[in-house]
Structures are given as C-alpha cells and as structure tokens.
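Asks: Chain residues, written in single-letter form:
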Amino acid sequence: MIRYALTRLALLIVGLVVASVLIFLTLRVLPGDLAQLIAGTNATPEQIQSIRDELGLETPLWTQYIEWIGGILRGDLGTSLLTGSSVAAEIAQKASVTVPLGILSLLIALAFSIPLGVVSAMRRGRAAGTVLSVGAQTLAAVPVVWAGMLLVIVFAVWLGWLPAQGFPRAGWREPGLALRSLLLPAITIGIVEGAVLLRFVRSATLQAVGQDYVRTAAAKGLTRNQALVRHGLPNVGISIVTVLGLQVAGIIVGAVVIEQLFGLPGIGRMLVQDVGNRDLPKVQSELLVLTGFVLIVGFAVDLVHRIIDPRLRQAESE
Amino acid sequence: MFRRTALAASALLASAALLLAGCTGGGSGTPTATGEPDPNASVAIRLALEPGNLDIRQTAGAALDQILIDNIYQGLVRRLPDESIEPSLASDFEVSDDGLTYTFTLREGVTFHDGSPLTPEDVVWSLQTRKATPAWSDSARLARVASIAANGQTITLTLSEPDSQLLWNLTGRAGLIFKKDDTVDYKTAENGTGPFTLESWKQGDSITFARDEDYWGDKAKVKEVVFDYVSDNQAALNGALAGEFDVVTGFDATLKDQIESNGDFALVLGSATDKWVLAMNSTKGPLADQKVRQAIRQAINHDALIEAAGSGVPLYGPIPEPDPGYKDLSEVAPYDPEAAKKLLADAGVSNLTLTLTVPSFYGTTIPQLLVSDLDAVGITLKVDSVEFSAWLNDVYTNKDYDLSLVDHAEPRDFENWANPDYYFTYDNPEVQRLYAEALSALTDEDAADLLAQAARIVSEDAAADWLYNWQSVVAVGSNISGFPADNVNARINLADLTKSKG
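Same order as they appear, the protein sequences are chains A and B. Using the working numbering, the first residue of the first sequence is number 92, and each one after it goes up by one. Using the working numbering, the first residue of the second sequence is number 1048, and each one after it goes up by one.
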C-alpha cells in the first residue's frame, strides 16, 4: 500500500511538472500581449514598446519560467500584471464563490443520481425505469448553457423566486442571499453532471445484479432487492468514487461556463477574463492551481479506491 | 480607442444622452420619473465590458473613460452632450486670436478625494507629465503645446502652432488632472476631484461609486452608484426583468418589446459616434484597386444591417453626424449589387475570396449578412472570429488582414485616416494635408469645412466601408431620471442622476 502510494505520488509530481511546462508554453503561443491591450487602438508602436518594457514582457522565456516555478516552490503564485494584486489572494477570494458552487453542484448531482440510478436499474424494463433511463440520456446531452437559461426563465423571470444573475455584494456576510444566488447555477451544473452520474450508477447497479454473490444471497432467501441493497450497493459505491474523480473536472468546466451565464464572480469567470486580457503570469498560476487540484483529486481517488476495495488490496499482496 | 464592447452583441447599447459631455442634459430623452427623488438612493447600472484595471493614465478602453471621466477625474474643461465645451476645474478660459495662447483660471477651493487642495502645480505637473510620458494615453495630443506655466491661479498653455483640437483633447484623457507625485495605486484606487469617489471594485463583478460629501461643486443626487458588469445580453435582460438593475446599457434594441413588457423600463435611443468600420487592407491584392473596394461598398445593404442591429443610422463616410465635418455622403456608395458586379468585371476580378477578421464579442449577425451580401456579387467571404487580443496583434499591430470589422466609438477620431501607419492602411497625401490644415485652423467653422472635404475624399477612395453609425440604446427604469441618453459608450455623467422613492 505504501509503495503504491509513493508510486502514485511520484506520478503526481511528474504530472504537475509536465503540466506547468505545457501551461507556460501554450499561453506563450497565444497571439497578442498585454501591452497591446493596455495601449489600445490609438496606440503608436513606441507607446506599445515602452509599456512592454515597463511590464517586463521582453524578459527571456526561460527566465520567466524559472522565476514563476521558483515562486511556486516558495508558495508564491505571483502577481497580476494588470492590477498588481496577489494571484493567491484573488484565487482565494474567487474560490469563496466557486468552491461552494462546486460542492453544492456535486451534492445535488449525488442526491438525485444515486437513488434514481438504483431505482432505474431495479425497475429495468418497466415504465418507470425506461422513463428514468431515457430522461437521463436526454439530460446528459443537454448543454449546460441551455439548461441554465431555461431554469432562469422559469425560476427567476416567471416565478421570481431566485436571482437571475450576480452574487450579493456583501458575499457570505449575507449567507442567505449568497446561497440563493448559487442555487440556480448549482442546480444547472448538478442536473447535467448528475444525469451523467445516473447512467454510471444504473449500469454499475445492473452489473451488480448479475453478480454471483447477489444470486447467492438471493438463494439464501433474501429478495432480489434486499440482496442488491445489502451486497450489491457497496460495490456500486466503489465505482461511484472512481467516477467522482472524473466528475470533479466536469464540474470545474461547468463552473467556467455557468459563471459567465449567471455573472458569478468566481474562478471560471476570472480565468476567462484573464486569458482575454493576456495577463499571463496570473493565468498560468490559476491554471496550475486548477490542474493541480484535479490531479490531487485523482491521486486521492486512487488511494481511497484501494482502501475501500478489498479485492485490489488482496491482488497487491498476492 | 474604440470600445470593444460596444459592439458587442450588436446592439449594444449604450446610449445615453447627449452626454458626450458630461453633463447630462437631463431632458434629452430619458423619461422623467415622477415622485420624490431619494437622496440616499443606490442605483444599479448594467454595463457590458469591465475594464482590466482602473489606471486611466495608461490603460486604453472606453470602459474607463465612460465611468471615470467627469465622475471621478476631471479636467480644466469638459464636454457637453452637444459636443460643446464648458469650464470644469477652470472657472473660465480664453483663447488668443492667433490660437497660440490658452489661458485658464483655476477654481479655488477644489480638493482631491484624499483631502488635499488642488493647486496650480498639480495642473502644470499633470499636463507636462502627460506630454512627456509616451506610455500614457493621448500623450501625442499635447504635441503642439510648447509650454505650460502657472502664475497664481492662472494657467497658461503656449502653443508652437495653432491646434483646433486642443480644447477638445483637454476634455478627454489628455487633460485629466492628477495630484502631483501621487502615490495612490491607480490600478485599483483613485484620487480625483470629481463628485464621486471609488468605494470598491470587486473584480469580475462590479464597481461601486459613492457620493463625495465634500465635493467642491453641486453634490451628486444619489448616494451610491453600482456598475454591474454582465457581458451576456440575455443575462442582462433577465436581471433587468427580475428587478436587479435600474439602468441597462449595452442593450440590444431588438429586445425592446421584452424589456418594456413589464412596464418598469423604457427604451431610450440617443445619438452616438460609434462607427462600425469595415476596414480594407489596400496594401496588397485586389483590394489595392479602388474599384474592388467600391464594389464591396455597393454590394452591402446597409439598411438591412441596421435593421438587424436594432438601432443605427446609415453612415457613408468617416465622420458621424454628431462630429464636426459631417456631410451626408450617401450618394458616394449607394446599395447597387449590379453596379458592384460591373465594377468587379471592370477591375478584371473574378472568383475573389476574402477573409473578414472580427473580434468575437461582436457576434455573428452582422458578419453573416456581409457574407450573403458579398456572395450575391460573386465574392466569397470567410469570417475569422478572433479574440480581441488576437485582433490587436494580427490586424492592429501587424496589419495582416483583408477585411476587418470593429466599432470605433471615439468621437472626433478622423486623425486615423490621415495616418498612413494606422491599421486602415490608407495613405492619401491630399487627405493628410487637409487634416493638417484643419488642425491649424483658427475657427471651428474652417476646421469643420476642411474635415468635410477630407472625409469626402476618404469616402470616394473607398478607403473602407462604414456599415452604420450605431445609436445609443439604454433601458431606463421608470423611477430613474437624469441618465444620459447620448453616447453612453463614451461618457456616463452621473451628476444629474436621481432615483425616486417607491
């Protein structure tokens, strides 16, 4: 187990280093730079050049990379070229919107996908099962934007129950308002991601139904449903944990889109703006943090998977 | 500079009232609210494009001019909605007959937001530093100012040659007055002299202004103004209908019925100086031929474009109606696909394929109409929708394009047609000469007359096509009055804004 964990940790570190190089180089390929943007459409070439010098855009690439990584190793994510503010502080501030949004989305996705997925598997071939299965297929195919618009029109514009966009200026000092403004976006991400999850739960459950141990349990006198709940679902749980690792990335992507639509001042919206502004020192640290987060979640899922699945542990010791 | 957003979506809106100036002519079209104005009101205004930082000394973009000039920062003079000029930090001013000496009397009792008094040294320092710092916006607009001196409250600008645009330029960035050697972080904070102070900037979300209770002039009539940055027009509409905004700018006039449906908003149209310029790279290929460029102009159905955009008036030359030098040039390039085909045949061009490079925030409606208009005369148009940063790099800096579409919102920007290095690639010595003469003209009438002559030549050369002159569109809440109606992409002067109770 420890050896396994160390191997995975080494892979994680290699992954982060490769990611940092890719992020750094990809951003440098983007056409245009911050100096042009600051100078605008009445700028002279001299004006652009003097801003470029002032911002340090003419420093050699490898120096820029070393400085960036050196800062990261010291725990310094750098500062924005455009506003001079600390990237870490900005990420922390925007995370106060995006992290609750992500957790809420995940909870909503889990809350409806697990029970419905199991029900849909157990009712396979009957009307309820078919409706759930087709419904999930359809929802999973719905673009997040479209789902969001629809929810806004119904719940914000027609019914007026929830805000259509924005986040309270007071933030979490007004927890009720803050939560209300996250509800529609979270439901939007939650149902689309949850629909994907529902199909996983359904197929994992169906698989469990066909397993020998479920049949054995049924032979001992349990009903099929009892056997499934008692012996099948723990195995379903293991597959869900694995899929959740992937879902986290899906939720981050969903947040980028949904924060635009709902005007939420979160990490996704900040990232899109910073790329547009070519504030590269800021963008690269933001992307590294997000990539690191997804990689670490993957790492954690691998470990958890090992711990909760006795078969994998056994396979290792043999 | 033009305003990115402005275009956006086509339809953006902005509108405001004749505001180009700052003042607002409260009557110019915004509905007049009944009811008692609330001095403690907070007004929420939706804008589309958030500035990258707040450093108006250097960072380009109408997103800064729009909210900061006249509200936070001020100059010696300011613009009125009808483009006339009146004193601001100066109590009055005088121009000598030879146009070489400008004398301003600086007001007494003006203070910066940090409490320190405005001194003549601050004025001299601001203008001198602007002139000497090429990295600051509009530095070159003070090129003809030879010296700036103060004697008591009298500020004297001495010119090396007359400059008919100087006063106008002093109403913009070139004339803004800062505190000498200030240490404020201009990127995220301010220290101006205007009727509002910056209360907070929540990046990615909103900018909040608070009334300056110690303002030297008439104090603002609302306590707080919040600019909410919402880039998506549909989200803005939803927010408005849900009662989250008092004013919506950057709006799409085609959504008029929807925004007015619940009776809380009225749509206000105003004039603007936004020119949707279809630039043509005349340095290479078939576009070097005036006949080909003229054919493109005559192939475009401008009225259909305006209908699709929701608001606008036709424009057939480089100068829009609110600016000096405007003349109706519609006879230069009337819509006539048959004539366009004939011009192309005369030029010996067939099977022409061109690429249109357009910043992505302008949407696809207008580019698609251009594709079908040009297709009808045998020109294949490919649309390359790019990020604004990429446009700046490829089109603006490197001039690597065939056709480009951008909204040039700034008033009085004819200078770009007299600058062969500008991305328009237009190089005509006669136009350059006329523009230089207009700059040196001693009266506004002479300057306007020379500009009109130059504009006609630019249009006859088919240096570009001007798709239309976009009109400001603002949705104003029924309890709001005094919101500018004209040119809100350039200035939103909040001095007369009120919100009534209930």
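Incorrect hints may appear among the rest.
[To be verified] Label-pair ranges, simulated between beta-carbon atoms:
no., chain 1, residue 1, chain 2, residue 2, range
1, A, V385, B, A1179, 28 to 38 Å
2, A, A340, B, D1383, 39 to 49 Å
3, B, D1422, A, T229, 32 to 42 Å
4, A, V385, B, E1168, 29 to 39 Å
5, A, L164, B, E1133, 52 to 62 Å
Treat the hints as calculated values from the structure; they're not laboratory data. Since the model is a prediction, treat every value here as computed from it, not as a measurement. Backbone N, C-alpha and C fix where the C-beta goes; we use that ideal spot for every residue, glycine too.
Asks: Take a look at whether the Cβ-Cβ distance between V385/A and E1168/B falls inside 29 to 39 Å.
Replies: violated, 56 Å
Asks: Look at the Cβ atoms of D1422/B and T229/A and judge whether their distance stays inside 32 to 42 Å.
Replies: At 37 Å between Cβs, range holds.
Asks: Mind checking the hinted window 39 to 49 Å against the Cβ distance between A340/A and D1383/B?
Replies: violated, 55 Å
Asks: Given the range 28 to 38 Å, decide if the beta-carbon distance of V385/A to A1179/B lies inside it.
Replies: Violated - the Cβ-Cβ distance for V385/A and A1179/B, about 50 Å, lies outside 28 to 38 Å.
Asks: Do L164/A and E1133/B keep their Cβ atoms within the hinted range of 52 to 62 Å?
Replies: holds, 58 Å
When held up to the earlier numbered hints, the structure conflicts with 1, 2, 4 and fits the remainder.
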